[in-house]
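Same order as they appear, the protein sequences are chains X and P.
Numbered according to the numbering used here, the first sequence terminates at residue 428, and the numbering increases by one at each position without gaps.
Numbered according to the numbering used here, the second sequence terminates at residue 509, and the numbering increases by one at each position without gaps.
If you're looking for bench data, these hints aren't it; they were derived computationally from the structure.
Hints may be right or wrong, so weigh each one.
To be verified - Partial pick of chain X residues on the chain P-facing surface, computed with a CB cut under 7 Å: (1) Pro17; (2) Gln21; (3) His25; (4) Glu26; (5) Phe28; (6) Thr53; (7) Leu57; (8) Ile149; (9) Asn379; (10) Pro380; (11) Glu403; (12) Gly406.
Using N, Cα and C, we set each Cβ at its ideal position, and we do this for glycine too.
Listed here are the chains, written in short residue letters.
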Amino acid sequence: MTRHTPPPPAAGCRNAPVLKQRGQHEVFCGLTGIIWLHRKMQDAFFLVVGSRTCAHLLQSAAGVMIFAEPRFGTAILEETDLAGLADAQEELEAQVERLLERRGDIRQLFLVGSCPSEVIKLDLARAAERLSARHAPRVRVLNYSGSGIETTFTEGEDACLAAMVPALPATDRRQLMLVGALPDVVEDQALDLLAQMGITDVTVLPARHADSDVAVGPNTVFALTQPFLGGTHAALERRGARHIPAPFPFGEEGTTAWLRAVAREFGVDPARFDAVTDAPRARARHAVAKATETLNGKSVFFFPDSQLEVPLARFLTRECGMEALEVGTPYLHKGVVGAELDLLADGTALSEGQDVDLQLDRCRAARPDLTVCGLGLANPLEAEGLTTKWAIELVFTPVHFYEQAGDLAGLFSRPLRRRAALKLEAAE
Amino acid sequence: MKLSVWTYEGPPHVGAMRVATGMTGLHYVLHAPQGDTYADLLFTMIERRNHRPPVTYTTFQARDLGSDTANLFKTACQGAYERFKPQAMIVGASCTAELIQDDPGGMAETMGLPVPVIPLELPSYQRKENFGADETFHQLVRALARPVEKTPQITANLVGPTALGFRHRDDITEVTALLEEMGIGVNVTAPMGAAPADLARLGAAHFNVLMYPETAESACRWMERALDLPYTKTVPIGVGATRDFVAEVAELAGVTPRLDTARLRLPWYSESVDSTYLTGKRVFIFGDGTHVAAAARIARDEMGFEVVGLGCYNREMARPIRALARDYGVEALISDDYLDVEAQVEALAPELILGTQMERHIGKRLGIPCAVISAPVHVQDFPARYSPQMGIEGANVIFDTWVHPLVMGLEEHLLHMFRDDFEFHDDAGASHHGGQHVPRVPTADRPEAPAAATPDAITWRAEAERELRKIPFFVRGKARRNTETFAAERGLCEIGIDTLYEAKAHYAR
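Go ahead and model the full structure; you've got the sequences and the hints to work with.
Spelled out as structure tokens, the structure:
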């Protein structure tokens, strides 16, 4: 098979300098992850213990209120709860009782900490323990923090999955664990590809239902499907599992590299690997090529958002012919995205954290063809004549693995095609 | 602690943002943790604003809590002044910052910034968005407005419109036109479009038009006392209210009342025979107090509906809304719990809901049409076209908006005539709504979901159930409920075709 992607850059960016700034962070907090986590875990309820702001964030980030009675809610702290902490514990337990009574379908309950609950040091771990004891085995109660003071956007999923790990049963089975909440359709594609290679003892975290027998142990190897799962990575290692480092399965190159790392771990014969991947690889390349017609030679600038920025910059620069002017990310976990950094062209500007006003100045000066940013910045930048791609869609849309590679490229090419298509001026 | 699924109002600092974002030349420094910046997207996405809200967030994180969040605030405040050079600043805390008690107001005061800095005390654990807007505007006006010479021409201030308001943009145009017809100019519109310098000359007007009591009543009360500015009490939404408003303004300004009704179409549209079918339609009204009060009057007096229930989510308006409900012979529902409202709608089974985006969802779930009359807002509530609620055009817009979710008059008539027709059947829905044609499913194959409130003791005989299915969907719920009530009152435990028609005769009007 001929290579369609360029050879890796000489040095890559693993040891490149990173611009770190401290100022206003224009990012979501970790509570936002509830929007997709509650769709993934179909018998889980996410109870945020927080303020009206948390509730307002959840319904605003969801964009529209899709579900009449969704499987998430906010226990809003009131003046009386703040006065004495003993009260808050009891109040919370009372709320949970009422909730579980009304929602007999709930098998997992996550008590999700917020900024206010962290600041007043409300002990959700203790609450979870007590509630778990009371409601086991029907309902398992876990807790994690999605607060903005501790988590940035996708780190909420990381905190949630990491909280699940200590509760997993132990196993000595030789197995592969896929880690990360993917849309079911994408997850099924991945499992199918692995099965074709003969890797069938595969478990997924998070599972769709609480009663799936996900277990972990010293003979478990795990592959991350998302780059923001550093905490879960550490929690799994503490349980004796071993990480398979790899680029992330975005685009044809990323998916192949990810699968190859797994295949190597399981001793899959290279001929079999090629036989399984040749056709979907060709389809992925073909699909990406269409978007590349628009993206080739264009420049892209990433504001920090989901930690997907580094893998996506790798995909756009290596498979779509784009040039990355700045790749901003909330956190740069070199242990997790190291293989991605190796593939980023030498000299790509990397930034971690944010001072949004200074970054906007850099963006305006760089005049990128495409700016990837959050919803708060997109329209203002469009009004300034910059073309934007709002980043949250990259988290909500199926974009992983071969069959979605074209869709992923399409998410970036559509804003550019749209700007080119609109004729809003006089014909002259 | 209270479990909330959806909220009608955001936290109070979002109300402050609505004031700041509506204005120009003002900057808001908000002591808030990382993540609270989500509020920007309300303005840039829902309202499609092409500028970032003028807000600097300190976005502190856990690691800052141990060290010096106060310093972080000062740096952010200084940086915001230098970058944006505003005429005035407001400073405050969001819910989390309130807990760490850094006192943004006190700190900003010590910084000696060369512009007025107005501290905001917005108790996040007690109050909500509307309070936040009202209090912020009140404090701004108190700090900036001074007695000044009146304008030679009679002028008024338009007070209350904010960013993210329900049709505020277009209401301003409409009310400006109403005043202009009477020879009254607009001195300042605020907060929307005003700069701090404009607030300084609020006192030059002869009176205030309080457009939205939710966001500006406190400021108007203060201006009445401190600047001798009386304010209007009528909100000109609907034909009758617009006429009352014109009379009230004429009285305040000492001019002749004038209202050009050449473009007013609601009265004739309501009188025309196609609207006969609207008569006595049972409506449930819910939203903010101001819009609910206006909608109730329009519903009863201008559309000929029957108001079967009403209420508001903002507790500040509880008293007037309770009084209003008594006038309408119903009990007011004062609640910000979406599930309470849903239960009430389910119990009342209205034929139309006039509500917010929340009630639109309730309606969708229960199969009841809904028109939106009030905030909280959705991107759909910012249409590209001119679409006010106030004044003459507002009345026209309201007629269209309220009738649109219903099956149209002639169509409803035809559905009654050809109730078992193979094309005119209720699964097809209203013909002017989107959606593919749905072929009729033979009734025998289709179990009719039993009404939620079926008393256990009463059963429907199969032929009565079949007859019920022939009744168009938009009245079927009512027919079922009436028949069951009728049966229950008579101690019947079985409903036959006769019971159905006896009940129909009993409830005929």
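Q: Identify every previously stated hint that the structure contradicts and give their numbers, smallest first.
A: Of the numbered hints given earlier, those the structure breaks are 1, 2, 11 and 12, listed in rising order.
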